[in-house]
Amino acid sequence: MSYRTICCELTLASSHTARPIPDSHLACSPIILRTRFTVLMSNFRAPPRKGENFELAADLNSEYKEKRKDAIKRVIANMTVQKDVSGLFPDVLKNMQTDDLEQKKLVYLYLMNYAKTQPELVILAVNTFVKDTDDPNPLVRALAIRTMGCLRAEKIIDYLCDPLQKCLRDENPYVRKTAALCVAKLYDLKPELVQENGFLETLRDMIADSNPMVVANTVAALSDIHNAAVASGSNEDIFVITGGVLQKLLIALNECSEWGRVAILGALSRYETADERESEHICERVVPQLQHANASVVLAAVKAIMIHIRHVQTENLIKQLVRKMAPPLVTLLSNPPEVQWVALRNINLLLQKRPDILSSEMRVFFCKYNDPLYVKVEKLDIMVRLAGENNVDALLSELKEYASEVDVDFVRRSIKAIGQTAIKIDEAAERCVNVLLELIGTRVSYVVQEAVVVMKDIFRKYPSTYEGVIPTLCANLDELDEPEAKASLIWIIGEYANKIDNADELLGIFVDTFTEESYPVQLQTLTAVVKLFLRKPDTSQGLVQRVLNTATKDCDSPDVRDRAYIYWRLLSTDPGAAKNVVLAHRPPISLPRTTIAPALLEELIGEVSSLASVYHKPEETFVGRGRIGADSLSKRAGE
Amino acid sequence: MISAFFIFNQKGEVLISRLYRTDLKRSIADVFRIQVVSNSDVRSPIVTLGSTSFFHVRINNLYVVAVTKCNANAALVFEYCYRFIAIAKSYFGKVDEEAVKNNFVLIYELIDEINDFGYPQNSEIDTLKTYITTESIMSTASAVEESSKITTQATGATSWRRADVKYKKNEAFVDVVETVNLSMSAKGTVLRADVDGHILMRAYLSGTPECKFGLNDKLVIDKNDHGLGDAVELDDCRFHQCVRLDEFDSQRTISFIPPDGEFELMRYRSTSNVKLPLRVIPTVNEIGTTQVSYVVTVRTNFNNKLSATNVVVRIPTPLNTTTVDCKVANGKAKYVPAENVVVWKIPRIQGGAEVTFTGTAQLTSTTHRQVWARPPIDVDFQVLMFTASGLIVRFLKVFEKSNYHSIKWVRYLTKASGTYQIRF
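These protein sequence lines map, in sequence, to chains A and B. Start counting the first sequence at 1; every next residue gets the next number (full-length UniProt numbering). Start counting the second sequence at 1; every next residue gets the next number (full-length UniProt numbering).
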């Protein structure tokens, strides 16, 4: 265990003496022991005693300071576990005037909880609040204004305006930044008051504040109010970002805290640039943020760039920007799994918009054995998107590996991915088929079934190329018990009926059990038998008669019956036409480059890092009115 | 933005509940308990019910949950949850049910300070510790001046540092910690090998020191033309918020005013020329249906003056294993039935040395024979004074008004925990 000295401009040489450092250096931050509370707190969570509230009330009025404070703590503990302690309101309130900041915070916490239910009594607290906003200590001023905004009681709100007016102009930036957010709180409770007192104008002025943190919170407050106004149907743009505002935001961006950067980058994304040069300028100023340690800053920067890059015409700059975005996106994968997942969902979106962005980075998306399933599934999808001729071998050997893992869902998806790769890359199709055959050789039921489904798609894409595989597939007929796998195999048999000697025999098995099969299997059987008949009319007349009979007479599904009747008529009136219909040439399938409609994709790219981008769904589908709230959901569960 | 913040225990009991916004009721906690805690089928870290979204992170026996009712910034919400966990760890040492219960007053104080109306605020641990402490702060005349200082720091351009830091001896410790991610195929080819590097710094420097930091990475080399011999190619790097990103972008210099005490200066990623410190050669044979034989050799791949310590090799066994007889010359090996692995612990392996494990697993016969998935062998280890990427700290310069002399120390560590996987 040793450190070596670093000397300026010198490479480290072994001549520098090593010096022992005690082990304790490794253990970083000091662990703070809170022995004083430990004993007390464990009592707070004890089961309720008889008349506990009565006891608490007595203690809250005790003549001893420590006793009162401990009683408050016990009240808060009860509040947390949702016991009703609202009856103690007056007793707790008495303890509000104190020099002890911790006690003050605790009382405030209590007030925030019960102010709504005890509006008359809250009035008693107003005086202390207003007095606190004049306290010489900035922490006390900020605390008072922060708490007043959270009280949610009609009566107290009217008293909020004057102190707020004062705090917005406080000389201390900590108070100003707290007051800025308080305006948003007030707007949430009573929008009229914000308008009447001209708080919006004050906020707009505060964007020019000298302190970056105040600017950031002002931006957050204005954006919050803007969103609330839009949600309530207002058309007015409350937060207009002008060229002048833009300059101030860009300056604050480099100086404020990480969370502030997210707010400012969000505002930058909303700005509508006047010309191309301005868009370029914004992109260039945002790029350094890609190197930030906080993943949400990185994604907010990506979002701002993706929005403003739309107006950039210079090919070189676009290329450069895209190149600079790639490594930070990959680095997001070294975050905790939840953040990784958000990043992966967004990378998926970005790849649909700009498929070239991570073209040489497939290996970093290989799944680790202990990745959570939700991360693995996203990685699979991205790997297939990034698959190309040059990396397909590595991809296939990975996918084969995944197909032997334990989680059934993941195994199936891996096999599906093999099929998608085959369809995407013509040159690799044969290698994919070989891998699938190996997997079928394992005879694990769900592996075989999924492989059969996938093979059907490969037959669709490359007709008459892999007929040699058919005997292997047919050999596994007995293993299949899932409708989709059965239907797939039946389709293959029907399609290649003239190449399979015992096709009538194989299909006969399904005709025998026709009424017991699920509808998709019935439909497939029906079509396959007709195909067989059209190709080998001599040997299968009886079979086609039998299937049409059963399908029209003994089947519950109108779809199946209808299809059977149509075939029957076609065959009896004009076999030539039947051939044209049933054995028609089918258009080849291909893997879609995007899974999201272009307009929606454009919208989601503008929402990078948000829930909408994670779900790949527009915002309206999961928030806002018309949605069933979780509250009503729980009500329904309770009924 | 974040509408509410909760901490639940394993059973779904509420330990901490704080509503930041008016659009939710406290009873929303019940919905989470019913829909997520007692639902074993939840496979996503975000659950949206109606227009309410629950973001949850599991840590030890706790759920840390943030609830939103809008199209929230998902990355921000998760970063916030993890930041809370980091802060709690730094305050209480560990984050579990007991720690939360014992410190709930402090936690309420903290979550009110780092979040206002659902918007995360200053969450720098060092600054928080100056005014949220275990001792009660009295609002007296002397405290006013102190508070002014704190608030200026908490909102200033260097929100992470007080101005009046003083040390008798000015020292800075740099720890370069590299985590190697490896996945190797059964044939011994490297599927993926990369390094996640963290540069941790402990700065005990007086005043407002201006630091400049240099590595032997390509970026620096290109600039100063030192010769390309030992340049390390970094794919990407990310910095603590104290580093001036615009200067890094334009001039490739890492300059900053460090927070006082410990912080993570930088994270980087390297994928080229990764030197793998340990080479694992497994030979595993399934003998019929009743036995599996193992020969696993671990070879160290570095200078013999160094050594790998705390080596833990986890060798998977089939699910129907009854006993494994293990033979090792170094360390201890033991079959752990609960995890279906043999854990082989070796306290120290010298550079250039080789150690071997041989063993046979006895299997019971099962009626339903499923193919054994063969999870990869996993190796944890630490190697001091070695970097897998080859990264070296070239210089750390400290400039301060008072022009004091400062001593800087550097240490390197390469490690793996759960990320070094070899298939067989």
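These aren't lab readings, by the way, just hints derived from the structure by calculation. Quick caveat, the model's predicted, so the values are computed rather than measured. Among the clues, some could well be false.
[As the list claims (entries may be wrong)] No farther apart than 30 Å at their CA atoms in a straight line, the calculated lysine-lysine pairs in the BS3-like style are these:
(1) B:Lys334 - A:Lys368
(2) A:Lys319 - B:Lys218
(3) B:Lys25 - A:Lys83
(4) A:Lys368 - B:Lys212
(5) B:Lys11 - A:Lys324
(6) A:Lys166 - B:Lys212
(7) B:Lys101 - A:Lys83
(8) A:Lys324 - A:Lys353
(9) A:Lys116 - B:Lys334
(10) A:Lys131 - B:Lys129
(11) B:Lys275 - A:Lys400
(12) B:Lys397 - B:Lys169
(13) B:Lys275 - A:Lys324
(14) A:Lys131 - A:Lys65
(15) B:Lys275 - A:Lys368
(16) A:Lys73 - B:Lys149
(17) B:Lys94 - A:Lys83
(18) A:Lys83 - B:Lys11
(19) A:Lys155 - B:Lys25
(20) B:Lys212 - A:Lys190
(21) A:Lys400 - B:Lys187
(22) B:Lys129 - A:Lys368
(23) A:Lys73 - B:Lys101
(24) A:Lys73 - B:Lys218
(25) B:Lys94 - A:Lys67
(26) A:Lys424 - B:Lys101
(27) B:Lys89 - A:Lys94
(28) B:Lys187 - A:Lys416
(29) A:Lys248 - B:Lys25
(30) A:Lys131 - B:Lys149
(31) B:Lys187 - A:Lys94
Task: Pairwise hint evaluation, Lys353 (chain A) against Lys324 (chain A), where the allowed Cα distance is 30 Å at most - done: holds, 16 Å
Open item on the list: Given the hinted pair Lys25 (chain B) and Lys83 (chain A), is their Cα-Cα distance within 30 Å?
Closed with: Given pair Lys25 (chain B), Lys83 (chain A) holds - Cα atoms ~15 Å apart, limit 30 Å.
Open item on the list: Can you confirm whether the C-alpha distance between Lys131 (chain A) and Lys149 (chain B) stays at or below 30 Å?
Closed with: Judged against 30 Å, a Cα distance of about 22 Å means the pair holds.
- [ ] Decide if the proposed pair is consistent with the structure: Lys131 (chain A) and Lys65 (chain A), CA atoms, cutoff 30 Å inclusive.
- [x] Since the Cα atoms of Lys131 (chain A) and Lys65 (chain A) sit roughly 22 Å apart, the hinted pair holds (cutoff 30 Å).
TODO: Take a quick look at whether Lys400 (chain A) and Lys187 (chain B) sit within 30 Å of each other, Cα to Cα.
DONE: Holds - the C-alpha atoms of Lys187 (chain B) and Lys400 (chain A) are around 14 Å apart, at most 30 Å.
Task: Proposed proximity, Lys11 (chain B) with Lys83 (chain A) (alpha carbon, max 30 Å) - done: Within the cut-off at roughly 18 Å; holds.
Open item on the list: Next pair to validate is Lys101 (chain B) with Lys83 (chain A); report whether the Cα-Cα distance is within 30 Å.
Closed with: holds, 16 Å
TODO: Below or equal to 30 Å on CA atoms is what counts here, so check Lys275 (chain B) against Lys400 (chain A).
DONE: holds, 27 Å
- [ ] Given the hint that Lys94 (chain B) pairs with Lys83 (chain A), test it: the Cα-Cα distance must not exceed 30 Å.
- [x] holds, 28 Å
Open item on the list: Does Lys368 (chain A) sit within 30 Å of Lys334 (chain B), going by the straight-line distance between their CA atoms?
Closed with: Between Lys334 (chain B) and Lys368 (chain A) the Cα gap is close to 25 Å, so the pair holds against 30 Å.
Open item on the list: Given the hinted pair Lys275 (chain B) and Lys368 (chain A), is their Cα-Cα distance within 30 Å?
Closed with: With Cα atoms ~20 Å apart, Lys275 (chain B) and Lys368 (chain A) stay inside 30 Å; holds.
Task: Straight-line alpha-carbon gap Lys319 (chain A) to Lys218 (chain B), limit 30 Å - done: Judged against 30 Å, a Cα distance of about 21 Å means the pair holds.
Hint compliance for this structure: hints 4, 5, 6, 9, 20, 22, 24, 26, 27, 29, 31 are not met, and every other hint is.
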